[in-house]
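Could you put the whole structure together from the sequences, leaning on the hints where they help?
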Amino acid sequence: MAMRVLQGTALAMAVVLAGCASSPTAEVTRFHLGQPIPSDTIAVVPSPDAVAPGTAVPLEFATYARAVAAELARAGFRPVEGPSAYVAVLKIEQTAMQGPPRAAPFQIGIGGGTGGRGGGIGGSVSVPVGKAPSSEIRTTSLSLRIRRQSDSTSVWEGRASQTTAADAAGASLTVAVPRLAAALLAGFPGKSGAVETVKLAQ
Numbered sequence: 029m030a031m032r033v034l035q036g037t038a039l040a041m042a043v044v045l046a047g048c049a050s051s052p053t054a055e056v057t058r059f060h061l062g063q064p065i066p067s068d069t070i071a072v073v074p075s076p077d078a079v080a081p082g083t084a085v086p087l088e089f090a091t092y093a094r095a096v097a098a099e100l101a102r103a104g105f106r107p108v109e110g111p112s113a114y115v116a117v118l119k120i121e122q123t124a125m126q127g128p129p130r131a132a133p134f135q136i137g138i139g140g141g142t143g144g145r146g147g148g149i150g151g152s153v154s155v156p157v158g159k160a161p162s163s164e165i166r167t168t169s170l171s172l173r174i175r176r177q178s179d180s181t182s183v184w185e186g187r188a189s190q191t192t193a194a195d196a197a198g199a200s201l202t203v204a205v206p207r208l209a210a211a212l213l214a215g216f217p218g219k220s221g222a223v224e225t226v227k228l229a230q
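Heads up: the sequence shown begins at 29 in this note's numbering, then just goes up one per residue.
Please note: incorrect hints may appear among the correct ones.
To be verified - In the DMTMM-like style, the derived pairs of lysine to aspartate or glutamate whose C-alpha atoms are separated by at most 20 Å in a straight line are: (1) K119 <-> E185; (2) K119 <-> E109; (3) K227 <-> E55; (4) K219 <-> E185; (5) K227 <-> D179.
As the list claims (entries may be wrong) - With beta-carbon atoms standing in for the labels, derived distance ranges: (6) S163 <-> P66: 45 to 51 Å; (7) Q122 <-> E224: 20 to 26 Å; (8) G215 <-> A194: 27 to 33 Å.
Think of the hints as simulated: they come from the structure by calculation, not from any bench. Since this is a predicted model, take the numbers as computed values, not measurements. We put the CB at the ideal spot given by N, CA and C, even for glycine.
Following this line, the structure appears as structure tokens:
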């Protein structure tokens with residue numbers, strides 16, 4: 029178990045470091061029956077396990093649902109808020125972990141002056157004391173399942189996830205969700221069963 033945790037942390041850090049040197053990416057997986065999915069009306073709803081029974085849907089869900097609905101429209105569906113031919117069950121998850129310590133800065137300051145009898149030169153070296161700050165890593169995942177209302181058959185499922193530094197702009201859900209939705213639904217329905225690395229819009 030410990031080995032798996034270490035491997036997961038190392039993988040996450042590798043993704044973050046790679047993202048620092050290039051465009052941010054998401055890991056995308058899709059599954060479907062390999063048959064045409066007729067375009068029709070669709071409503072975006074929260075996953076049952078994301079909302080406690082008897083409670084209202086969180087207000088922020090509407091923001092995320094609109095972002096997903098916009099991408100579904102680009103894929104050929106007609107998003108609605110009432111009765112629909114399909115429902116798109118949306119689930120958003122975000123987890124955090126502590127990465128290895130960031131490199132502590134090493135500062136050198138040199139200043140000097142000369143002039144007459146009072147001239148002189150001075151220098152200083154500043155080395156931070158104590159532990160270097162840790163870098164938090166956040167993994168954001170967006171899962172979507174499209175179900176046909178007439179017979180409750182799931183006709184398409186997909187998941188997109190990204191790992192980034194917690195202080196990066198892309199770690200915010202308001203930024204991450206639209207990006208992940210666009211990556212997940214690009215080229216809908218996509219290749220079933222394949223794990224793809226997709227560049228995220230910036």
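Hint-by-hint comparison with the structure:
Using a Cα cut-off of 20 Å, the hinted pair K119 and E185 holds, with the two alpha carbons roughly 11 Å apart. Taken as a hint, the K119 and E109 pair is honoured in the structure, with Cα atoms around 17 Å apart against an allowance of 20 Å. The straight-line distance between the Cα atoms of K227 and E55 is roughly 9 Å, inside the 20 Å bound, and the hint therefore holds. Our distance criterion of 20 Å between C-alpha atoms is met by K219 and E185, whose separation comes to about 11 Å.
Between the alpha carbons of K227 and D179 the distance comes to roughly 35 Å, so the proposed pair goes past 20 Å and is violated. The hinted window of 45 to 51 Å between S163 and P66 holds, with their beta carbons roughly 47 Å apart. At roughly 21 Å, the beta-carbon separation of Q122 and E224 lies within the given 20 to 26 Å, and the hint holds. Here the CB-CB span from G215 to A194 is close to 30 Å, well matched to the stated 27 to 33 Å.
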